[in-house]
Amino acid sequence: MGLLNSSIVYSEEIYGWEFLEFEHFEDVKFMIVGLPDVGLVGAITGMHLIRSKDMSYTVGIDHYGALPPVVIMNRGRVLHPIRIYRSGDVAALITDVPILPAAIPSFSAAVVEYSRRRGIEYIISTTGVGNPKRLEQEKPSLYWLASDKKASLLASSLRMASEPEQGIIVGPYAIILKEAMKKHVHNLVLLADSFIDIPDPEAAAVIVEGINSITGLNVSVEELIKQAEEIKLRMRDLMKETKAVMARMGKEMEYRAPILYT
Amino acid sequence: MGLLNSSIVYSEEIYGWEFLEFEHFEDVKFMIVGLPDVGLVGAITGMHLIRSKDMSYTVGIDHYGALPPVVIMNRGRVLHPIRIYRSGDVAALITDVPILPAAIPSFSAAVVEYSRRRGIEYIISTTGVGNPKRLEQEKPSLYWLASDKKASLLASSLRMASEPEQGIIVGPYAIILKEAMKKHVHNLVLLADSFIDIPDPEAAAVIVEGINSITGLNVSVEELIKQAEEIKLRMRDLMKETKAVMARMGKEMEYRAPILYT
Amino acid sequence: MGLLNSSIVYSEEIYGWEFLEFEHFEDVKFMIVGLPDVGLVGAITGMHLIRSKDMSYTVGIDHYGALPPVVIMNRGRVLHPIRIYRSGDVAALITDVPILPAAIPSFSAAVVEYSRRRGIEYIISTTGVGNPKRLEQEKPSLYWLASDKKASLLASSLRMASEPEQGIIVGPYAIILKEAMKKHVHNLVLLADSFIDIPDPEAAAVIVEGINSITGLNVSVEELIKQAEEIKLRMRDLMKETKAVMARMGKEMEYRAPILYT
Amino acid sequence: MGLLNSSIVYSEEIYGWEFLEFEHFEDVKFMIVGLPDVGLVGAITGMHLIRSKDMSYTVGIDHYGALPPVVIMNRGRVLHPIRIYRSGDVAALITDVPILPAAIPSFSAAVVEYSRRRGIEYIISTTGVGNPKRLEQEKPSLYWLASDKKASLLASSLRMASEPEQGIIVGPYAIILKEAMKKHVHNLVLLADSFIDIPDPEAAAVIVEGINSITGLNVSVEELIKQAEEIKLRMRDLMKETKAVMARMGKEMEYRAPILYT
Amino acid sequence: MGLLNSSIVYSEEIYGWEFLEFEHFEDVKFMIVGLPDVGLVGAITGMHLIRSKDMSYTVGIDHYGALPPVVIMNRGRVLHPIRIYRSGDVAALITDVPILPAAIPSFSAAVVEYSRRRGIEYIISTTGVGNPKRLEQEKPSLYWLASDKKASLLASSLRMASEPEQGIIVGPYAIILKEAMKKHVHNLVLLADSFIDIPDPEAAAVIVEGINSITGLNVSVEELIKQAEEIKLRMRDLMKETKAVMARMGKEMEYRAPILYT
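In order, the protein sequences belong to chains A, B, C, D and E. Each residue of the first sequence is one higher than the last, beginning at 1 in my numbering. Each residue of the second sequence is one higher than the last, beginning at 1001 in my numbering. Each residue of the third sequence is one higher than the last, beginning at 2001 in my numbering. Each residue of the fourth sequence is one higher than the last, beginning at 3001 in my numbering. Each residue of the fifth sequence is one higher than the last, beginning at 4001 in my numbering.
Hints are computed from structural coordinates only; laboratory data are not their basis. Worth double-checking, as some hints may not be accurate.
[Unchecked claim] List of simulated lysine-lysine pairs, BS3-like, C-alpha gap at most 27 Å:
{"#": "1", "chain 1": "E", "residue 1": "Lys4240", "chain 2": "A", "residue 2": "Lys243"}
{"#": "2", "chain 1": "B", "residue 1": "Lys1243", "chain 2": "C", "residue 2": "Lys2243"}
{"#": "3", "chain 1": "E", "residue 1": "Lys4240", "chain 2": "D", "residue 2": "Lys3240"}
{"#": "4", "chain 1": "C", "residue 1": "Lys2240", "chain 2": "D", "residue 2": "Lys3133"}
{"#": "5", "chain 1": "B", "residue 1": "Lys1243", "chain 2": "A", "residue 2": "Lys243"}
{"#": "6", "chain 1": "A", "residue 1": "Lys240", "chain 2": "B", "residue 2": "Lys1183"}
None of the values given here were measured: they were computed from a predicted structure.
Could you put together the complete structure from these sequences and hints?
Laid out in structure tokens, this is it:
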């Protein structure tokens, strides 16, 4: 027989989203958010952290009106479509379904508000920036953007990372950033050059190295690089679903210049 | 003259769904749910149980806003589109109309809540899992997934059945499973390898054998196999409607890998 | 100068539908409902009863949100799109506009509730059942379905009519039947084999004969047969509109088998 | 410098429609309504009355949710999209934008209610009836339909006009007529044979002559005929927009027979 | 390290739109509104004013339900999609995202109401009017339209500008104008002949000269002309997005004649 399902010890609804806790969610300092996005960089980052550190499934997130009617089966265990795993003071949020455009504002705001209520200090958003010259890059570049001074101090431990000159962020990370500013949660966005429509484990590796520097997690990146081909294959369908969602939320706006320049 | 219609002795509305009882619905231990889905496995299972055991029509379920405006005529009797039949401590829920995507959450939650209110111990969901190699199988495999420990004990009487390694369930059974976990109703999902777009009575036969083991019903499977061709023909149009609904609810997600693997 | 418009003596709103009475609507025993449907059998039946018995326009039914913005002009008189005519203890409801799918539940329920409030004993629904072999029939067959025992007694005066073995009714008549069962109004459905997309006055004639037997109205059927060609021509456009609406409400479900059979 | 804008002296909201009065709107007996419709007959009629009598802009009508975001500029003056002009005891309502199907019920009911509140005696609706033989007519025929006896007396001064035998009116004028019957405002509909998709100033001229007889306005029709070509050209785009709206509100229903005939 | 983000010192919600103030917004006399529209004339005007005068980012405007989920990154700083900059008694409102048709009424009314609450005297709307003969013009013409007498006095300092004879304005500026009339804020609309689907910096230059005359700002126009090619290239994608939005709000109505003419 496989694994047994845990029971729900506490649940809370925020902006229509249910947060179902299988363990009490306390004493977490860093919440790494890894959503399916450009090159699935965030999703791969989240998956790799959880597997490497054997994090435990702590919180299920659900919303019948905003998500497809889905459960994940894993060796006899029932998993909710969006999940938070946890190990020590680091948590990682991943999802098996892309967040549809209409659900982005409430979902993103709920994640920030839940983090605030649970006393999380830093939300670390992880994502790719589509770079048409990605193929020519030996190693993708790492960029960061901070919601405030305290979050920017976190970035000081990053080697070789820079703030992007100019650009537009479209999607849940944009709302998480704006909500963090309003709610005084500290939010650091880590971005890596990435393929757009192909899962990019090498870009995720660059992000993982950054997370190692910031959190002291010490997650191996080698394995991620070794399994790159397998990951690309495995994530092909999620990439396709994500691509469809990105088109609908106006993601292509990221590839044009903002109106002001300096 | 045909059969006479029974009068409604009690009715109750749950999440917008009307449960119209033609007899009081008490002392039921097992609720077998047979919805139209992959290979119509659940629908065929439900139909076969009701006919074999000559179960009696006990509860009509309706929702003018969520279902097409439909009644079924059967030798002078008027039937509601979704119905619960019953014999002894076993009940079977079937439907003549597919549940549209927008109605899935409220319908599934209402079924669990109604079961809870009527003191039902086990909800047994019956469905197919599309297997591209189905044609090569002598006998389809049986799988199960349990909402909790008590439901998993029920599965211990199943011979030759296993928990699936990994996978995604999309549709009403996913919500029924999650609601059962929240409401502490015990839910066992029985899945059989199945054709996707062709009614698959052989897959239903495997499920019926499982139900026999669990409930002690002793329903003949031979007849089901004998009538296989007739059933396929008869259910062709319901299969077509179901296929259209499955496409709209993102059912194809069942054929990709979840993000985590172990 | 033509006819003068009557003034409204009483009006009542039920489920968003306005019932505007030009005379007080009392002492009616039978309400014949003739909606545009398969072969326009109901619509032709209603029209023929009203013209033959020179019934008087008694109630206008309207709903700005659910019906197109329409009035009918008839020799200087202004008519509402849905109307009830009356002669003695028999009333006939007809409509110049098809009921759109979204409006079917509220309209059908309002008709039953209005009938209940006005003390009507029997609602007699009149409709066609599409029969692909209709062309080969000398005379279309008549079928009936009753909501309860009292309604079925009404059918005992019908010669040569039978209850259909099995089938599905889709549309307003399905909701009227279910509401009648809930509200304890007696509802008899009269169905005649019919062409599907061609107005079928011969099928209507079979229904009219049935109504004669039940109500003692004694309406001539000869004239209906004589004017068949003219009626087909005149109703061609209403047939086209009705066909479009039937497609949208899933009417084709009537041509498949229900899931259970006996 | 051009004209100055008047200030709003009073405003009132009815069913979501704002009535902005630049002068107090009192002592008006006839409200001529000229909406864009078949052959733009009403719109041309309204325009011609306003220009011939040099009527003054008295009331602006607006609804941000139902109308496109529009203002009209006229020699420095800002005009609302729907406007009432006035001269003596006659007012004329025109619009630069077609009323969309979803807005027709609330708009039409608001016009009747506003008329009732301001003590207007007669609403005179002006419109075309598409006649496929219009090209063969020397002079289009004039028809009328009255909401009640008092309105029909108004029609007695019309020469050569008749009530139409049978027909269907689709659009705002249908709702205005039904609301007038309910609210006891007297409504006379003037209809002239018209081209359908081509602006038809000759049909408008026939209506203007009718209005002259009824109101004693004495508006020249000659000029309208003389400018016919210019008007057709100028109104080409409004005709196109109106045609698109008419298609969406089921206007083609006007070209079929009603279900009853006498 | 780049620029630091300011904190929000005050925020206020008007008609669903959040106004987030990074500095208190007081003592502003002129609010120049530069929305993406025909030829992006307003957007280019706003951008040029802000860059030339090095205005400071003072107010962010946001609405999760009405705008795409977006933030702008600028050298480490996080910017909201719609922003007000300020220098002395002049403010300029620009946006990186087009306002979708459904959001136009609430956005435009919120801008006027916010201006009223902050004591702004004049809202100056800046836009292009598509002129098919634009290519033949040495220098585009300047036009103006005033909401009231006080606003028209402002225009008296404009050389070579005139009120347009006739025309229709479609979009946010139409609602701003009508709301200004209702709320007694003074609104002057500056319009310049412009290309329709190509960014037109030369047309913006004509508007900037007008703003110089009115406000005494003394912004150089030379640089705008010199950078014309670069601006056209940079704004190509915003033009494309704007073009799509204009098509949906019925912008083509600007190219037809209003119903009345004088």
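Hints and how they fare:
1. Distance hint between lysine 4240/E and lysine 243/A is fulfilled; the C-alpha atoms sit about 21 Å from each other, no more than 27 Å.
2. Our distance criterion of 27 Å between C-alpha atoms is met by lysine 1243/B and lysine 2243/C, whose separation comes to about 24 Å.
3. Restraint check for lysine 4240/E and lysine 3240/D: the C-alpha separation of about 26 Å stays at or below 27 Å, so the hint holds.
4. Between lysine 2240/C and lysine 3133/D, the direct Cα distance comes to roughly 24 Å. Compliance with the 27 Å bound is thereby established for this hinted pair.
5. Our distance criterion of 27 Å between C-alpha atoms is met by lysine 1243/B and lysine 243/A, whose separation comes to about 24 Å.
6. Pair hint lysine 240/A plus lysine 1183/B does not hold up; C-alpha atoms about 35 Å apart against a cutoff of 27 Å.
Of the hints listed earlier, the one the structure fails to meet is number 6.
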